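Asker: Here's the letter readout for the chains.
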Amino acid sequence: MDVNKLLRRLYAVSWLSWQELSNWTHPLVFIAYIIVRPLFGILLYAYIYVAIVIASGKVDPSSAFYLITGASFYNYIGNGLYGVVWVIHDERDHYRLLKYTYISYPSLQGYLIARGLVYYLIGIALSTVSLVVGLAVTGLGIQLLPNIPLLIVNLIIGAIWCTSLSIVVSSLSLFSSEYGPLIAESMGGLLFLVGNVIFPVEKLPCWLYLIAEAIPMKEWMEITRYSINVNYPISNIFDLLFSEIVKTMVYVIFSYVFFRIMDKLVRIKGNLEASMEH
Amino acid sequence: MLALRSRKSTLLRTAIARAYVRIKGGNREPSWILWEVILPLLMISSVVYAYHSLGAPPKYIGFVILGGAMMSFWFNVLWGMGTTLYWEKETGNLEAFMVSPAPIEGLLLGMALGGALNTLTRALSMIVMGILFFDAKFDVNAIPSALVIFLLTLSVLYTLGMGLASLYLMYSRSGWRASELLQEPIMFLSGLYYPLNVLPMMLQVIASLLPLAIGLDGIRKTLIIGKKIWDLGPHVLSLITMTVIFTLIAKRLLKYMEHKAKKEGRLILRWM
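If you're matching them up, the sequences are chains A and B in order. All letters in the first sequence, in the order written, are residues 4 to 281 by the numbering used here. All letters in the second sequence, in the order written, are residues -3 to 268 by the numbering used here.
Because the hints were derived from the structure by calculation, they are not lab data. As the structure is a computational prediction, the values presented were derived from the model and not from experiment. Check before you lean on any hint, since a few could be wrong.
To be verified - Cβ-to-Cβ under 7 angstroms is the rule here; a few derived chain A residues that face chain B: (1) Gly44; (2) Leu46; (3) Ser189.
A virtual CB, placed ideally from N, CA and C, is assigned to each residue, including glycine.
Given these sequences and hints, build the entire structure.
Answerer: Below is the structure:
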């Protein structure tokens, strides 16, 4: 494997992602643009907590911490998912480039992974800004004791399983121009619902809890909370980490095999370039 | 006189034709409707579960369900109205519209009527699901009052959508991004998941300038608190005033942007 070649490709595709994302305006406007949405998003969730405090008259810092960290770090996963999954729809229906990408880049799967990288980096920045703002709005005066190496490791693992999941979703989206965007949006919503984001998944009905168990998001979110503040109570960090890594490995293998099968099938069926107008 | 009547008739016929396409197109695939109901329900369910886990009063569940239902109209205004002309340009239909005798106002009116009707079915399904799955409670006697506020809110929102459409016609991809930017801030300021009185006074003042915030607040006050329409005079007055102002602005803006786009050759400029 030629690592230099691989890195050059990665750089070129990441650069393309960045340009597609940002070249419609000035850099400062772009920064404001990417910050505004998560900023108001976190305010939306922070005021859920404020509404409860006003209604009950009780302050509950642990609930506020849970809500704010979940909503903040969802930006990382949500952004990464969007970055990978939306490519198929954008390139096929909007820019009409998918066929050119398909024949010019050695592997569509590799291309999708590379397209998502910039989104994860932006996701980290957005999560950080959201966390700071969210903690300030909820008036959370707790001293955070972060475990930075664990946070970094968890972010990397998160990017791996999220990209694998996104590859699976993208491969489904290859078949349908009509349903592709809906599948992508639904996956984001599903992760928000079953990922320990703004409430503990134990509150879910049994059948939804099973879905939560099948996705590493639940563990990822808990480890993220713990790595931000080691005083956050969790059962056993090693068990959680082990469970997350095992699930991630399953997702990586499954996504690779699944994408190859779908890729073959989609070409046989001739759906690769079937856009909305067909 | 005859010319005016003929112009009005063309406008109406265009609106009906465009509304037909939108209604037919939006409902030709039943599975889409299912997706469009389930998708926002995923987020709404998350917030309902969060409220449950935080021990919120039961009326908050109703707040969330109504917020989600009304928000679908706002999304329709942004993506179904605002970005319409941009999408027509991207798909190559805009030039056909421009050379036909159909007025753009008629097209947008049709979009508004068709879009509102399509969204109504989704919003109602959301409310029904909220009642069935989350036991959301609403005052049935307040439905007529809520209906008045609802219709007034729609008229403001869709006239605002017409104004946005003209902006996006001109600014294309930047306009698309503007639509994205108008999601979360409006959701936050309109009190999507909570009553407006939890916001600081300054933000409540800003919210009082947003038609969605006023409409949503009015509908919640009727269906959840049980107020009657005569208790909501300021809401009604604000919504009527906004409808008149936004209609005038949208009309002028549309003419101006169309002229400017033609002058700068942007009508058929794609992917920019």
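Asker: May I ask you to test the interface hint for A/Leu46 with respect to chain B, counting a Cβ-Cβ separation under 7 angstroms as satisfied?
Answerer: OK, holds: A/Leu46 within 7 angstroms of chain B, min 5 angstroms.
Asker: Tell me if the interface restraint on A/Ser189 is satisfied: Cβ within less than 7 angstroms of some Cβ in chain B.
Answerer: holds (6 angstroms)
Asker: Would you settle whether the hint for A/Gly44 is holds or violated, based on the nearest Cβ-Cβ distance to chain B being less than 7 angstroms?
Answerer: holds (5 angstroms)
Consistency with the previously given hints is maintained throughout, with no hint failing.
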